[in-house]
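Participant: Protein chains in written order, with the UniProt record's numbering: chain C, 1 to 322; chain P, 1 to 274.
Keep in mind that the hints were calculated from the coordinates and are not lab data. Small disclaimer: the values here were computed from a predicted structure and weren't measured. Here a beta-carbon is modelled for each residue, glycine too, at the ideal position from N, C-alpha and C. Keep in mind that a hint or two might mislead.
[Said to hold, decoys possible] Sample of chain P residues facing chain C (criterion: CB under 8 Å; computed from the structure):
#	residue
1	Ile-3
2	Arg-4
3	Pro-5
4	Arg-19
5	Leu-22
6	Ser-89
7	Val-100
8	Asn-104
9	Ala-163
10	Ser-267
[Said to hold, decoys possible] Chain C stretches covered by chain P per the calculated footprint, using a threshold of three residues with CB under 8 Å from any CB of chain P:
#	stretch
11	61 to 73
12	80 to 94
13	116 to 125
What follows is the residue order along each chain.
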Amino acid sequence: MKTAAAIEVRDLRKTYQVRDGGSWRGKTREITALDGISFTVPAGEIAGFIGPNGAGKSTAIKILSGILRPTSGTVRVGDLVPWENRIAHVARIGVVFGQRTQLWWDLSVAEGLALLRDIYSVEPERFRRNRDRLAEALDLNGIMDQSVRQLSLGQRMRAEIAAALIHDPEVVILDEPTIGLDAPSKLAVRAFVRDLRRERGTTVLLTTHDMHDIEALADRVIVIGHGRILADSPFEALQATTLSERILEADFTGPPPALFLPDGAVETERGTRSVTITFDPQRLPAPALVAHLSTLPDLGDLRIGRPAIEEIITRFYADHAS
Amino acid sequence: MTIRPYVTSFVLQWKIGLRYRLAVLAGLVAQMWFGAISLMAYAAVYHHAPDVNAPMTLRQAMTYTWIQQSFFTLLPLGCLPAIGEAAKSGAIVYDLLRPVDLWNWWLSASLARLLGNAVPRALLLALVAGPLAALVGLNGWSLAPPASFEAALLALVSFILGAFISASIVMWWNIVAARTLSPLGTYAVGTPLAVLLSGMLLPLPLYPDWARDLLLLQPFAGISDIPIRLYMGMPIPGGVVTALGIQCFWLLALTMIGRFWMNRTISRMELQGA
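Chain C on its own, in the form it takes in the complex (with noise of 0.2 Å):
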């Protein structure tokens, strides 16, 4: 087994020159994607990269990945410099973005396969070993002979996620790779990528809105809002801090009373037949706040849930902007 390479960022910043109006004409400004951010992935670590949309995850991962030249700043990945040793530095990473398709709509995916292989430079025993490695983990026996344009939205993650690794690479990063998967196949997603770090050590950045993906996978969450890291914590740390925030959401038969919660809960929505009540299970634990609400009169439903990640890094940001 390789040992697999960190990632190291120190002080990166991008901004991006764009032009009001959209034509030639209009006024150039300056907008930054990224304002100075540093983490360190160790090798064989799962670090989980969250942050609402125009965060400046997408612009980080592309850099990362040696498509993008950020303006300042230090990235190494391994021993490479992405950006500069672009083809040595690609051979090793694999990349999955999550709503964008790299295997050939007209060939199926034993021939993108294939191609992959060629393109990699795979030899022909260990392309072998990786590709039934790669179907049996992740299902493809049945599909292998069928074109790409005819799978399902999960099996065609499902493949790209197999034509991501087909090279054995050092560092894997998966963006958004469980965008638009039913139940199942984000369970296949999650289960994969586990075994992939247990049984080769794997690097992983995984950046995606599902909280889901980043509790059962991800050993270090990296918050990034506006450019700038908010919160750099194992997974358990942030748990505890930010992301134990629950939502109740009661609804009524008639307009809602008024409503006196107790310590730890704050009414955040009204609406004309249902409240929302945001709380902390730590200082209030949900069967205490359920007992509380259930002597209510006109009380329909209650169900409990978690915040949005949009949501809680909105606030998040809120409470860290200063």
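Dock chain P against chain C, hints included.
Facilitator: Only chain P this time, still in chain C's reference frame:
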């Protein structure tokens, strides 16, 4: 550095090209039609002005037209469709993620696409316009054989150089598509430019004296005009050396400037979205 990925890229586009057999047939019919109309126009012009000393004989104009028609799809009409689509959808990032020299990688795909389209058509058209036309008695309208064995060999070398020049121009269109995130502009500008300057619309030797030599010096002449002149044994100012020299010059210039431009484009490319 291994050559395998580039061969693979070539074979892939070649296969995709051959998958559309009906398009080959439809294209063949269209080219026969356009070819026949041009021939009739030339015949009319030449017969009504027998005393004008034209730079090409009617027979040469006909052969020139047939070969131009056969190689219509060898012209750089715009970017490689696959690259244009990838630029639009953003999947072009995957091209940058491959451990390959991007110029050679796209060039081999572009070349395969041009040849995959042009070669089957050219062979069919040569068969129909050459021996078959002669067999049914249309001798005066058919594609003439090469001027000599030597001419045939020279033309072959020249055609190969021409295919590479065309693929290099397609590469420039690929870069434009990558920059503008759309293939459409390249077709809008590329098609008329290629049709006019290659001699497809009107053979370059038939242009007025002052334009003729200038037209020979531009890159599009190297795609099919120069090879056809060599095939027919037509005199070229400066002879074979100039002919192949012009082709080599353009191939080198297009490649060197194109590579430089592409590297600049990549290092400044700001790919939008996730």
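Participant: Each hint needs a verdict: does it hold in this structure or not?
Facilitator: Structure-based check of all given hints:
The criterion of a C-beta within 8 Å of any C-beta in chain C is not met by Ile-3 (chain P), whose closest approach is roughly 10 Å, and the hint is violated. Hint status for Arg-4 (chain P) relative to chain C: holds, with the closest Cβ pair at about 5 Å, below 8 Å. Restraint check, Pro-5 (chain P) versus chain C: the minimum CB separation of about 5 Å is within 8 Å; hint holds. At about 7 Å, the closest approach between the beta carbon of Arg-19 (chain P) and any beta carbon in chain C falls short of 8 Å, and the interface hint on this residue holds.
The interface hint given for Leu-22 (chain P) is broken, as the beta carbon of that residue sits about 15 Å from the closest beta carbon of chain C, more than 8 Å. Among the interface hints, the one on Ser-89 (chain P) holds; its C-beta lies about 7 Å from the nearest C-beta in chain C, closer than the 8 Å criterion. Checking Val-100 (chain P) against chain C by beta carbon gives a least distance of about 6 Å; that is within 8 Å, so the hint holds. For Asn-104 (chain P), the shortest C-beta to C-beta distance to chain C is roughly 11 Å, which exceeds 8 Å, and the interface hint is violated.
For the restraint placing Ala-163 (chain P) at the interface with chain C, the shortest Cβ-Cβ distance is roughly 23 Å, beyond the 8 Å limit, so the hint is violated. Of the supplied interface hints, the one on Ser-267 (chain P) holds, with its beta-carbon coming within about 5 Å of a beta-carbon of chain C, less than 8 Å. For the stretch 61 to 73 of chain C, the proposed coverage by chain P is satisfied: 6 residues have a C-beta within less than 8 Å of a C-beta in that chain, meeting the threshold of three. Closer than 8 Å: that is the beta-carbon criterion, and the stretch 80 to 94 of chain C has 7 residues meeting it against chain P, so the requirement of 3 holds.
Only when three residues or more bring their CB closer than 8 Å to a CB of chain P does the claim for the stretch 116 to 125 of chain C stand; here the count is 4, and the claim holds.
Figure legend: structure checked against the earlier numbered hints; hints not met, in rising order: 1, 5, 8, 9.
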